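S.K.: Got chain H; can you put chain D on it based on the hints?
Top line first, the protein sequences correspond to chains H and D. Just so we're aligned: 49 in this note's numbering is position 48 of the first sequence, and the numbers increase by one with no gaps anywhere. Just so we're aligned: 107 in this note's numbering is position 106 of the second sequence, and the numbers increase by one with no gaps anywhere.
Think of the hints as simulated: they come from the structure by calculation, not from any bench. Nothing here was measured: the structure is a model prediction, and the numbers come from that model. For glycine and all other residues, C-beta sits at the position ideal for the given N, C-alpha and C. A portion of the hints provided could be inaccurate.
Part of the chain D face toward chain H, derived, beta carbon under 8 Å [said to hold, decoys possible]:
| hint | residue |
| --- | --- |
| 1 | P42 |
| 2 | G44 |
| 3 | E45 |
| 4 | F104 |
| 5 | F106 |
| 6 | P108 |
| 7 | R111 |
Output of the computed footprint for chain D on chain H, the stretches with three or more beta carbons under 8 Å from beta carbons of chain D [as the list claims (entries may be wrong)]:
| hint | stretch |
| --- | --- |
| 8 | 7–18 |
| 9 | 41–47 |
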Amino acid sequence: DSGVTQTPKHLITATGQRVTLRCSPRSGDLSVYWYQQSLDQGLQFLIHYYNGEERAKGNILERFSAQQFPDLHSELNLSSLELGDSALYFCASSVGLAGGEGYEQYFGPGTRLTVT
Amino acid sequence: AQKVTQAQTEISVVEKEDVTLDCVYETRDTTYYLFWYKQPPSGELVFLIRRNSFDEQNEISGRYSWNFQKSTSSFNFTITASQVVDSAVYFCALSEDNYGQNFVFGPGTRLSVLP
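Pulled out of the complex, with its shape left as it was, chain H reads as follows (with noise of 0.2 Å):
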């Protein structure tokens, strides 16, 4: 268990819609991570988040957003839907940034998004 919790585990839903994927870092962890994975398109980084304030960002759709609220848990919001978004969702967690000690990432077991 790595202490990353992501919410709901699976998720179904039809095209046009909008869902809200929740994750929760590790206590202590400041940097929270989104990353989609998919046949396809293999692994991809969407964004990152540090003590609320985002630092990069991916390869993430317009269509996609995300926040980090001050009890450091992070929100992935996909909207309008398509097809193409089926995917497993991960969250990661840090301490830090790049260039410093604890930097190592901590995931969350995924969630599987299937949209009909």
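M.R.: Just chain D now, kept in the frame of chain H:
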């Protein structure tokens, strides 16, 4: 633009054999970070190692070792005396130090260790 190549899509070895997983990266930055992650059949991702571009020392952790060579832009991962539990997909990743953590992952290498 940054890129990570893992040319080996799938590798099968017999238990106790040594196996090396290749990773070649491209970046224009002089400061960058390289990573390896493991994804066992259960699906969770496990962080294995981080290496920054200024540290070319090889690293050994138990049966795992990593060889970082800037001259060939490679960061290869060797498992010595492989075990069935090593069966997983292994991802190499690159992050450029741009005040954020913008990662690029390789496509992964599926390692099967047969008993």
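S.K.: Look at each hint and say if it fits the structure.
M.R.: Structure-based check of all given hints:
no.	hint	in the structure
1	P42	violated (13 Å)
2	G44	holds (6 Å)
3	E45	holds (6 Å)
4	F104	holds (4 Å)
5	F106	holds (4 Å)
6	P108	holds (5 Å)
7	R111	violated (12 Å)
8	7–18	violated (count 0)
9	41–47	holds (count 4)
Of the numbered hints given earlier, the model fails hints 1, 7 and 8; all others are met.
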